[in-house]
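*Asks:* Next come the chains, spelled out residue by residue.
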Amino acid sequence: KNEVEQSPQNLTAQEGEFITINCSYSVGISALHWLQQHPGGGIVSLFMLSSGKKKHGRLIATINIQEKHSSLHITASHPRDSAVYICAVRSWGNTDKLIFGTGTRLQVFP
Amino acid sequence: GAGVSQSPRYKVAKRGQDVALRCDPISGHVSLFWYQQALGQGPEFLTYFQNEAQLDKSGLPSDRFFAERPEGSVSTLKIQRTQQEDSAVYLCASSLGSPGTEAFFGQGTRLTVV
Chain Z
1 KNEVEQSPQN
11 LTAQEGEFIT
21 INCSYSVGIS
31 ALHWLQQHPG
41 GGIVSLFMLS
51 SGKKKHGRLI
61 ATINIQEKHS
71 SLHITASHPR
81 DSAVYICAVR
91 SWGNTDKLIF
101 GTGTRLQVFP
Chain E
1 GAGVSQSPRY
11 KVAKRGQDVA
21 LRCDPISGHV
31 SLFWYQQALG
41 QGPEFLTYFQ
51 NEAQLDKSGL
61 PSDRFFAERP
71 EGSVSTLKIQ
81 RTQQEDSAVY
91 LCASSLGSPG
101 TEAFFGQGTR
111 LTVV
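In order, the protein sequence lines correspond to chains Z and E. Residue numbering for the first sequence follows this note's numbering, beginning at 1 and increasing consecutively. Residue numbering for the second sequence follows this note's numbering, beginning at 1 and increasing consecutively.
Some clues are possibly wrong.
[Claimed, not checked] Taking CB as the label site, the calculated pair distances span:
#1 Z/F18 <-> E/T76: 37 to 47 Å
#2 E/Q84 <-> Z/S51: 40 to 50 Å
#3 E/Q83 <-> Z/H38: 37 to 47 Å
[To be verified] Partial selection, computed: residues in chain E whose CB lies under 8 Å from chain Z:
#4 S31
#5 G42
#6 S95
#7 F105
The set of hints was computed from the structure by calculation and includes no laboratory data. Glycine is no exception: its CB is placed at the ideal position from the N, C-alpha and C atoms.
Extracted from the complex, chain Z is given alone in its bound form:
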């Protein structure tokens, strides 16, 4: 079983829909990251959080430490949101290396 599990693996949506991507992890963590990867490989950090909730524009990330679960929400989705969204955790006692989920491929159609 992977230490970081994401669902769904693939997601299609119509423009304007509200989107939720889920991440569950099985290790103790010091921080959780949500990352965005576009075709071509480059990764951009969206959020780093260790508790509660963060919001940036149309993106919202929440984390429940007790349940070892995080969600990434996208409001009013747009075709330019199409990308792979990856959850990654930094576990306690390690270097700052990240343990990644396998990603959720999102396609938003006009």
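Start from chain Z and add chain E according to the hints.
*Replies:* Below, chain E without anything else, positioned relative to chain Z:
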């Protein structure tokens, strides 16, 4: 530079050939990481440097993989006698090094072994 720079962006190697992948981290970043991302998978940790010291190489899949960062800045990931299973995107990330600081990723090098 403004961001993490990796070169080349794409590399095609014949099986058995040696390759060298370069990473230029953000200036002043102490920590540098290499990750390997197979097609359709999330990245997996390869190795970690703090300045010039390689503190963790537990993710290197075999002794054909070697990484160095001799002056604590630019890093090179070398793969000897490449095999088809080495085909992947190799990602470099750097950070300031304080615990919990954000990591910045390069565009990656896509290696295809034929």
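*Asks:* All hints are to be evaluated individually against the structure, with a verdict given for each.
*Replies:* Quick rundown of the hints versus the structure:
1. At about 45 Å, the beta-carbon gap between Z/F18 and E/T76 stays in the expected band of 37 to 47 Å.
2. Distance hint for E/Q84 and Z/S51: a CB-CB separation of about 44 Å, consistent with the stated range 40 to 50 Å.
3. At roughly 28 Å, the beta-carbon separation of E/Q83 and Z/H38 lies outside the given 37 to 47 Å, and the hint is violated.
4. About 6 Å separates the beta-carbon of E/S31 from the nearest beta-carbon of chain Z, less than 8 Å, and the hint is met.
5. Because the closest C-beta pair between E/G42 and chain Z is about 3 Å apart, less than 8 Å, the hint holds.
6. With its C-beta approaching chain Z no nearer than about 6 Å, E/S95 sits inside the 8 Å limit, and its interface hint holds.
7. Of the supplied interface hints, the one on E/F105 holds, with its beta-carbon coming within about 4 Å of a beta-carbon of chain Z, less than 8 Å.
Violated hint: 3 only; the structure is consistent with all others.
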